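J.: Based on the sequences and whatever the hints tell you, model everything.
The lines below spell out each chain.
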Amino acid sequence: MSTYGADDFGWFGGVGAFGGRFMPEALIAALDELDIAWQKAMVDPAFVAEFEGLLQNYAGVPSMLYDAHRLSEHAGARILLKREDLNHTGAHKIRNVLGQALLTKRMGKTRVIAETGAGQHGVASATAAAYLGLDCTVYMGEVDTERQALNVARMQLLGAEVIPVKSGSRTLKDAINEALRDWVASVDHTAYLFGTAAGPHPFPSLVLSFVRGIGDEARQQCLDLTGRLPDAITACVGGGSNAIGLFAGFLDDADVDIYGFEAGGDGVETGRHAATIFAGSIGVLHGARTFVLQDEDGQTIESHSISAGLDYPGVGPQHAALAQARRATYLPVTDAEAMDAMALLARTEGIIPAIESAHAVAGTLKVAKERQGETLLINLSGRGDKDMGTALEYFHLGTAGAAK
Amino acid sequence: MTSSSAAFAKARAENRAALVGYLPAGFPDVDGSIAALRAMVDAGCDVIEIGLPYSDPVMDGPTIQAAAQQALEGGVRTADVLRTVEAVAATGTPTLVMTYWNPVERYGVERFAADLASAGGAGLITPDLTPDFAPEWIAAADQHDLDKVFLVAPSSTDERIAMTTAACRGFVYATAVMGVTGARTSTSDLAGPLVSRTKATTTLPVGVGLGVSNGAQAAEVASYADGVIVGSAFVRALLDNAGDRAAGLAALTALTEDLAAGVAGGVRA
Numbered sequence: 039m040s041t042y043g044a045d046d047f048g049w050f051g052g053v054g055a056f057g058g059r060f061m062p063e064a065l066i067a068a069l070d071e072l073d074i075a076w077q078k079a080m081v082d083p084a085f086v087a088e089f090e091g092l093l094q095n096y097a098g099v100p101s102m103l104y105d106a107h108r109l110s111e112h113a114g115a116r117i118l119l120k121r122e123d124l125n126h127t128g129a130h131k132i133r134n135v136l137g138q139a140l141l142t143k144r145m146g147k148t149r150v151i152a153e154t155g156a157g158q159h160g161v162a163s164a165t166a167a168a169y170l171g172l173d174c175t176v177y178m179g180e181v182d183t184e185r186q187a188l189n190v191a192r193m194q195l196l197g198a199e200v201i202p203v204k205s206g207s208r209t210l211k212d213a214i215n216e217a218l219r220d221w222v223a224s225v226d227h228t229a230y231l232f233g234t235a236a237g238p239h240p241f242p243s244l245v246l247s248f249v250r251g252i253g254d255e256a257r258q259q260c261l262d263l264t265g266r267l268p269d270a271i272t273a274c275v276g277g278g279s280n281a282i283g284l285f286a287g288f289l290d291d292a293d294v295d296i297y298g299f300e301a302g303g304d305g306v307e308t309g310r311h312a313a314t315i316f317a318g319s320i321g322v323l324h325g326a327r328t329f330v331l332q333d334e335d336g337q338t339i340e341s342h343s344i345s346a347g348l349d350y351p352g353v354g355p356q357h358a359a360l361a362q363a364r365r366a367t368y369l370p371v372t373d374a375e376a377m378d379a380m381a382l383l384a385r386t387e388g389i390i391p392a393i394e395s396a397h398a399v400a401g402t403l404k405v406a407k408e409r410q411g412e413t414l415l416i417n418l419s420g421r422g423d424k425d426m427g428t429a430l431e432y433f434h435l436g437t438a439g440a441a442k
Numbered sequence: 002m003t004s005s006s007a008a009f010a011k012a013r014a015e016n017r018a019a020l021v022g023y024l025p026a027g028f029p030d031v032d033g034s035i036a037a038l039r040a041m042v043d044a045g046c047d048v049i050e051i052g053l054p055y056s057d058p059v060m061d062g063p064t065i066q067a068a069a070q071q072a073l074e075g076g077v078r079t080a081d082v083l084r085t086v087e088a089v090a091a092t093g094t095p096t097l098v099m100t101y102w103n104p105v106e107r108y109g110v111e112r113f114a115a116d117l118a119s120a121g122g123a124g125l126i127t128p129d130l131t132p133d134f135a136p137e138w139i140a141a142a143d144q145h146d147l148d149k150v151f152l153v154a155p156s157s158t159d160e161r162i163a164m165t166t167a168a169c170r171g172f173v174y175a176t177a178v179m180g181v182t183g184a185r186t187s188t189s190d191l192a193g194p195l196v197s198r199t200k201a202t203t204t205l206p207v208g209v210g211l212g213v214s215n216g217a218q219a220a221e222v223a224s225y226a227d228g229v230i231v232g233s234a235f236v237r238a239l240l241d242n243a244g245d246r247a248a249g250l251a252a253l254t255a256l257t258e259d260l261a262a263g264v265a266g267g268v269r270a
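Same order as they appear, the protein sequences are chains F and E.
Oh and the first sequence: position 140 is 178 in the working numbering, straight run, nothing missing.
Oh and the second sequence: position 106 is 107 in the working numbering, straight run, nothing missing.
Hints in this document: simulated from the structure, not taken from any laboratory.
Given the structure is predicted, the values throughout are model-derived calculations rather than measurements.
For glycine and all other residues, C-beta sits at the position ideal for the given N, C-alpha and C.
The reader is advised that the hints may include incorrect statements.
[To be verified] Ranges between beta-carbon positions, derived for each pair: (1) F:199 - E:76: 31 to 41 angstroms; (2) E:137 - F:80: 24 to 34 angstroms; (3) F:194 - E:204: 51 to 61 angstroms; (4) F:436 - E:111: 53 to 63 angstroms; (5) E:30 - F:309: 18 to 28 angstroms; (6) E:146 - F:71: 48 to 58 angstroms; (7) F:437 - E:76: 51 to 61 angstroms; (8) F:304 - E:258: 20 to 30 angstroms; (9) F:304 - E:137: 53 to 63 angstroms; (10) E:75 - F:223: 24 to 34 angstroms; (11) F:436 - E:112: 52 to 62 angstroms; (12) F:53 - E:204: 27 to 37 angstroms; (13) E:251 - F:309: 39 to 49 angstroms; (14) F:309 - E:92: 36 to 46 angstroms.
T.: In structure tokens, the structure reads:
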């Protein structure tokens with residue numbers, strides 16, 4: 039683990055800075071049990087081999103590193119895409135859930151619960167549960183079940199129960215609240231498959247340990263392909279699991295610049311955004327001290343993004359610490375910039391990215407203007423199939439014969 | 002201000018358990034919650050807990066969520082919560098604030114402690130803050146002689162119970178069930194053993210909360226606990242009489258009297 043990791047209490051960036059564990063006492067024993075089981079598993083060669091075997095033979099990992107020539111011409115910089123969109127279930131999320139579901143089996147629990155925003159983590163959780171024979175319940179904000187109906191159907195086909203969450207803002211943060219309420223009452227036989235590198239200790243570090251293959255693979259693939267490390271690496275940041283998975287492979291490479299792109303929604307100046315680090319303030323949300331969108335009284339402010347997967351008013355605590363330490367730079371990308379990048383990638387490379395990942399492409403294109411001729415490595419965290427409803431509406435698509 | 006331990010001691014001297022009543026501030030509105038809490042004091046609550054409404058209440062079931070959301074939609078602010086504390090503490094009944102942690106951190110921990118103390122508040126109950134992550138709050142509470150009420154749960158290890166009670170002041174809050182707040186039809190068989198394990202580590206009074214909604218349940222819990230904590234049932238009494246303040250207050254008074262009779266009828270060990 040790099041010098042940027044957490045201490046034994048889950049603090050990133052020093053005691054009391056970011057992370058920690060702000061949770062009801064009823065869940066502490068379960069978090070301690072999880073922490074111990076996870077630490078033992080990660081040094082057990084049998085567990086590690088089973089996890090890596092699943093990743094290779096089931097999830098299609100390692101994903102390729104693709105030299106995006108046509109996008110590079112457009113950008114004036116060499117763009118490399120880490121193709122996590124090609125993984126089974128269509129995103130990096132499968133890495134995390136396979137790790138956590140294997141751990142669940144090892145701990146002798148029979149049921150998993152998960153929260154989901156866009157539905158990618160829910161689908162991945164339902165997939166891992168189906169494959170490993172676990173009962174699965176997914177909490178999803180009612181608003182998100184409407185804008186991601188296709189993913190609701192996928193989860194149901196995989197045998198999961200999807201519960202629409204009608205409290206609060208009816209989006210991802212409320213789905214997390216409801217999953218935590220379930221967990222308090224079911225913790226003896228249920229594991230919470232947390233969907234991002236956030237939440238109480240040990241989740242930020244545990245999730246990182248399962249997704250860090252993204253960065254470790256990309257680092258070696260880049261060396262193999264170009265003979266050197268990239269000049270900069272980039273990813274979109276909602277909760278931040280795809281980003282931290284990529285960043286972890288490069289944190290100790292001081293010459294590699296790191297960019298995280300947050301959802302700027304309608305524009306940070308409008309107040310309708312999800313740019314937590316760029317425009318939020320330090321607070322405690324969902325068990326960790328981190329950057330939060332909050333009002334003067336510490337009430338969480340609803341986030342806004344065209345991308346359900348980035349529509350979250352908090353962020354993983356390690357990102358908060360990396361921002362504070364100036365090891366990584368976090369910048370906003372608006373809905374419009376992301377949708378333009380989605381179309382551009384589709385038409386230059388024949389790759390339709392998830393709208394989340396399109397934020398990373400858009401942000402990288404902006405950064406490339408100042409970094410002409412350099413090598414920029416983007417984590418293309420997911421594919422866009424789930425977003426066709428949004429694209430159809432946004433670009434007025436779907437009528438054959440209409441002008442393109 | 003009065004530490005809540007005084008109210009527990011008084012109840013013990015009367016050979017009964019203490020009745021602890023909860024309502025969120027600002028529900029149905031700030032003045033309405035003050036009137037409701039005063040009615041609960043008049044009808045026999047020994048200790049009052051005032052909830053600070055929060056946008057993400059992970060320990061609360063649908064009843065308290067609904068009340069907190071209504072309070073927030075009505076525009077309740079942290080300053081209104083402190084004003085409510087002042088109005089209720091003026092009755093002489095120990096008055097604590099039950100709050101998720103972020104609003105306190107945002108207000109400023111030391112500033113919150115100072116303002117709570119000057120409003121006459123007795124202290125804080127912190128459902129998502131455990132002593133091992135509470136150094137700032139513990140320091141501020143000690144500075145201002147405020148109660149620090151941390152929670153113990155059926156899943157807590159003996160070591161964590163000892164660590165928690167060592168950090169408490171006023172009383173210890175034992176959660177009777179593994180679950181969120183809300184009335185339940187039967188009392189928990191997890192609470193008794195938890196109270197025994199807790200009492201083995203401390204001389205502080207132990208209050209039991211989560212799920213109690215009537216006098217008979219209160220009597221059962223009072224047979225082994227020093228205090229019976231009731232929240233959702235009070236909120237329910239107001240929700241069921243929305244739009245009719247007089248009927249709501251009458252329902253609160255009747256419920257408080259039923260619960261007060263329950264805690265007095267408990268067979269003391």
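J.: Next, verify each hint and record whether it holds.
T.: Hints versus structure:
Checked against the hint of 31 to 41 angstroms, the C-beta distance between residue 199 of chain F and residue 76 of chain E comes to roughly 37 angstroms, which is consistent with it. Range check, residue 137 of chain E to residue 80 of chain F: about 32 angstroms between beta-carbon atoms, so the 24 to 34 angstroms window is met. A hinted range of 51 to 61 angstroms for the beta carbons of residue 194 of chain F and residue 204 of chain E is consistent with their spacing of about 54 angstroms. A hinted range of 53 to 63 angstroms for the beta carbons of residue 436 of chain F and residue 111 of chain E is consistent with their spacing of about 58 angstroms.
Between residue 30 of chain E and residue 309 of chain F the beta carbon distance is about 27 angstroms. The supplied range of 18 to 28 angstroms therefore holds. Judged by the Cβ atoms, the range 48 to 58 angstroms given for residue 146 of chain E and residue 71 of chain F is violated: they are separated by roughly 37 angstroms. Hint check: residue 437 of chain F to residue 76 of chain E, Cβ distance near 46 angstroms, so the stated range 51 to 61 angstroms is violated. Distance hint check for residue 304 of chain F and residue 258 of chain E: the Cβ-Cβ separation is about 54 angstroms, which falls outside the suggested range of 20 to 30 angstroms.
Distance hint check: the CB atoms of residue 304 of chain F and residue 137 of chain E are about 36 angstroms apart, inconsistent with the given range 53 to 63 angstroms. For the pair residue 75 of chain E and residue 223 of chain F, the beta carbons lie near 30 angstroms from each other, so the given range of 24 to 34 angstroms is met. In this structure the supplied range 52 to 62 angstroms holds for residue 436 of chain F paired with residue 112 of chain E, their Cβ-Cβ distance being about 56 angstroms. At roughly 32 angstroms, the beta-carbon separation of residue 53 of chain F and residue 204 of chain E lies within the given 27 to 37 angstroms, and the hint holds.
Look at residue 251 of chain E against residue 309 of chain F: about 44 angstroms separates their beta carbons, and that is inside 39 to 49 angstroms. Checking the proposed 36 to 46 angstroms range against residue 309 of chain F and residue 92 of chain E shows it holds: the Cβ atoms sit about 42 angstroms from each other.
Checked against the numbered hints above, the structure breaks hints 6, 7, 8, 9 and satisfies the rest.
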